[in-house]
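*Asks:* Take the two lone chains, each set in its own frame, and fit them into one complex as the hints suggest.
Chains A and B, in that order, give the protein sequences. Just so we're aligned: the first sequence equals residues 2 to 305 in this note's numbering. Just so we're aligned: the second sequence equals residues 1289 to 1558 in this note's numbering.
In short, the hints are calculated from the structure, not lab data. Please note that the accuracy of each hint is not assured.
Example chain A residues on the side facing chain B (calculated, C-beta under 7 Å, incomplete) [stated by the list, open to error]:
hint: 1; residue: 4
hint: 2; residue: 9
hint: 3; residue: 16
hint: 4; residue: 23
hint: 5; residue: 33
hint: 6; residue: 37
hint: 7; residue: 111
hint: 8; residue: 114
hint: 9; residue: 126
hint: 10; residue: 130
hint: 11; residue: 132
hint: 12; residue: 133
hint: 13; residue: 143
hint: 14; residue: 145
hint: 15; residue: 262
hint: 16; residue: 294
Which bits of chain B does chain A cover? Going by a derived footprint, with three or more residues having C-beta under 8 Å, they are [what the hints assert, rightly or not]:
hint: 17; region: 1313-1325
hint: 18; region: 1489-1500
No residue lacks a Cβ here, since even glycine has one placed at the ideal position from N, Cα and C.
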Amino acid sequence: MSSRRIFARPARFAAIAPYLWMMLFFLVPFAFVLKISLSQTAIAQPPYDPVFDLTAGWDALKTAFAALSIDNFRLLVSDDIYVFAYLRSLTVAVTATALLLLIGYPIAYGMARLPKSWQAVAMVLVIVPFWTSFLIRIYAWINILQHDGLLNQILLALHLVSQPVVWLSTDSAMYIGIVYSYLPFMILPLYATLAKMEPALEEAAGDLGAPPWQVFWLVTFPLSLPGVGAGVLLCFIPIVGEFVIPDLLAGSNSLMIGQTLWLEFFTNKDWPVASAAAIVLLMVLLLPLLLYERLQKRQLEQGH
Amino acid sequence: MRKALRLSRFNIASLALGLAFLYLPILILVIYSFNASRLVTVWGGWSLRWYHEFFNDRAMIDAAWMSLRVAVSSATIATLLGTLAAVALSRGERFRGRTLFSGMLYAPLVMPEVITGLSLLLLFVALNAERGFWTVTIAHTTLTMCFVAVVVQSRLGSLDRSLEEAAMDLGCDPVRAFLSVTLPLIAPAIIAGWMLAFTLSLDDLVIASFTTGPGSATLPIRIYSEVRLGVKPEINAICTLVIALIAVVIVIASLASKLSSSQGESAAPL
Chain A
2 MSSRRIFARP ARFAAIAPYL WMMLFFLVPF AFVLKISLSQ TAIAQPPYDP
52 VFDLTAGWDA LKTAFAALSI DNFRLLVSDD IYVFAYLRSL TVAVTATALL
102 LLIGYPIAYG MARLPKSWQA VAMVLVIVPF WTSFLIRIYA WINILQHDGL
152 LNQILLALHL VSQPVVWLST DSAMYIGIVY SYLPFMILPL YATLAKMEPA
202 LEEAAGDLGA PPWQVFWLVT FPLSLPGVGA GVLLCFIPIV GEFVIPDLLA
252 GSNSLMIGQT LWLEFFTNKD WPVASAAAIV LLMVLLLPLL LYERLQKRQL
302 EQGH
Chain B
1289 MRKALRLSRF NIASLALGLA FLYLPILILV IYSFNASRLV TVWGGWSLRW
1339 YHEFFNDRAM IDAAWMSLRV AVSSATIATL LGTLAAVALS RGERFRGRTL
1389 FSGMLYAPLV MPEVITGLSL LLLFVALNAE RGFWTVTIAH TTLTMCFVAV
1439 VVQSRLGSLD RSLEEAAMDL GCDPVRAFLS VTLPLIAPAI IAGWMLAFTL
1489 SLDDLVIASF TTGPGSATLP IRIYSEVRLG VKPEINAICT LVIALIAVVI
1539 VIASLASKLS SSQGESAAPL
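Looking at chain B on its own, in the form it has when it is part of the complex (with noise of 0.2 Å):
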């Protein structure tokens, strides 16, 4: 039996001092999103100003309406390809060139970006590829096919597999079993993948940056090349807007995964 250690006055300070600063900084950015004053540190009252301002600005806009396209188009193909993968890892057995097929798996996870990017854009190159929207989002799809993988394959890992062998031995072929008792069963945890490629994909700069064309510059891009500028509150506009809509994401995949996974333990977000 587990039973709850004593908690210490120390590891409760540990645990409030490290929470708050994981959040404080970003609590801050969203109170100075509604600041009235063009200076960001001093509070002129409550206002909407920034977000107005950021709805007038056309090259924005575009931004954040290509990043969405990429980060639903790529997490959609991701979502599929990483299941696959997770799929055959954990229940193909042993296969040739498996240790490759992790291997290239795993090491996108620590990869460092600027790796990434420089190599898919020296492919794209090489092929002649128009750079833009289609570039970014096989890059992106890249990356998370492989977050969505280990995600779903740390499902698959802990889930009975004597349930789908039951269902074979009542008369069901491999895919029958599989789409009829593994997916339901794994379902949270692939919906949990897509969020997270999504909301990864929405964030990525300098992958982005690499393969991305003249004229087709994401959200992060912007951001970006604004902050290098220096502080402004139309940026702190952006970025709550970008916060609220990855908490609707979270809080989507949370209730998801509550709803299917009644009957087993639940997936965890990561």
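Excised from the complex, chain A in its bound form (with noise of 0.2 Å):
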């Protein structure tokens, strides 16, 4: 037996405690979501109704199973907050991944030209806005965008506008939280494929004649794509199901699906809602996040 095969062995013991851990803490508590998305509304602690009791034998699970209903998600379907939340949620995913892909595609392949002793430090100054808080660089543009911040000071002083603009509860102070937020997770994956490219395809197409945009858009292009479709997945996703920064920056008139789970959770206390948007909501990014995996799976475990 080849000594790789008796590593293995032992190695995959090693996924044991991780195994389990993410089985109870990651897999499970999905079982539990479906349950109380089933269930029905109830006054009480916790709120809803009915709950399983394993120790009552199985008539009363069959009683509590009889019980179950799909109310709730009737309750998504027809009323039109969820619909235009839904439908929110997923124009303004698209909007900010095509935003991302455009101001973070010239960055990355600025990074990738860059002599190679720079491309470390471009990396490491892209990689640590990331490290540092979420809220805080959403409360950053707060300071800026609000309405005697710096944005309107500016604007003001250049005579561009005459009186100040309202930044702040708008779709574009949104638009600018996400992008900002977001922006290492498209640059990263796209500078990974530009910077392993061969430069001489590029100086090939060049030598044959062929325009600065032409050689960008039929050999640069079309060979980064798989960091394309990783940096939009990376964004596309958790997007969807965004919380602060819309409840932050943008207006409240329309809510975006992770909001309107959000108040169902916490002000309106109607567990059972919340817990069936966030089925509906799982279901919408289950092929997005399928095409993750597969390829975070081939990234991590072949391209090497």
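*Replies:* See below:
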């Protein structure tokens, strides 16, 4: 037996503890979300009905099952608030991801063209803001965008506007916040593929007479598609469920689904509806999630 | 041979603008934390007044202490579990339930936090667990161990496996070979993983809001409830302190990885 195979056996045992942990704290909780999404709202603590009582035996379990209802899901489909919230989440996520790609690509491209030693520095510079708190970064923008904030002061001083512009509680503020927070997630995968690209390919296209835009569009961009895919998924999926940024920067007249879920849970104390909203959100994200998993797996397990 | 292509003016401009966009807001926030004026927008000279205010704010201090304790304990457990998971995935070859395992590890990286938070809370309620320090710690461990696993796994993947195989050919048993050859080589990634888990936990608002109980708010929860009411210079001061703490953490992480990875390629912080 090769030493690689001998090494593999104890390595497999290393999986036991994290496996059990993730089963208990990641997988099993979804069963509870599903169960409670099928329960009735009740004014109680915890605020739902029926409660499974495994000690009560099989008959009690059957009655509990009989009491399950899909009312919460019916509510989600019939009430405009929820339908609009899902649609708005998807629209915001698509728009923001497109903006991120548009802004992130030139930066990643610039990084990949730096001399090798500078590339490492640039990478650290892009990663560091990701380490500083998310909430703090949103708060920094509230400082800048408020009524008498820096942005309005600059615009007034340059006589670009005659009176302060309302930035906070608008979609523009929300998009600024999202782009700002997710930019490193878009740049890094793009940079990773662009940096690995063989520069001779672009040179050859140029030598054969292609103008720069054609070199980019016919050679560089198609070759960077795996990075584009990774960056898009890495941004799109969490943005759909985003809560903090729209809550602090966007107006309150149209909510994203993460906000409705939060509201149902914390303000209305309607746990069953919040759970049903989470299940629907999960189903909406299932396809992008599976794509992302495949990509991540390929990158970590075969890519070396 | 990879040779550098010439940098166009467009490349330089997009890099400069991109970095300015990433750093200016944070810089402005830090500068205004030293503003003597109560009005956030009027510059009233340098002052440490808001830091003083923060250190006299009992509720904020309690929340900061709670956050630090949660961050240290969850990062430590997460580093242990995440490293084990990474070893199993990159050295365990094929085993039963492997696809499910890797699926469970990669999904939380992008899963919207409202879903993770809600599902964990429902579990804790069903288990009748008292919500507070431990429930938040468990929740943060679940999220951050996945990040640790990815960081360590990518380091293990780029490692020359013939090194540990040589140790075994020379008579080491697998555990010994792992401890004396593999572990020192992946140590920088493990340290980076701990730091990442620590900062992610310190930063989290959504999952902590779901899983904490009354009376044990974390720092982001306190900051969030203040920020909703508007900009306050004291918040700028707290944010600056958090940024300083994280900066120290990053410096230690990069020094540690530089010290112990001089023999291999350096571990990326992410």
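*Asks:* Identify every previously stated hint that the structure contradicts and give their numbers, smallest first.
*Replies:* No numbers; nothing is violated.
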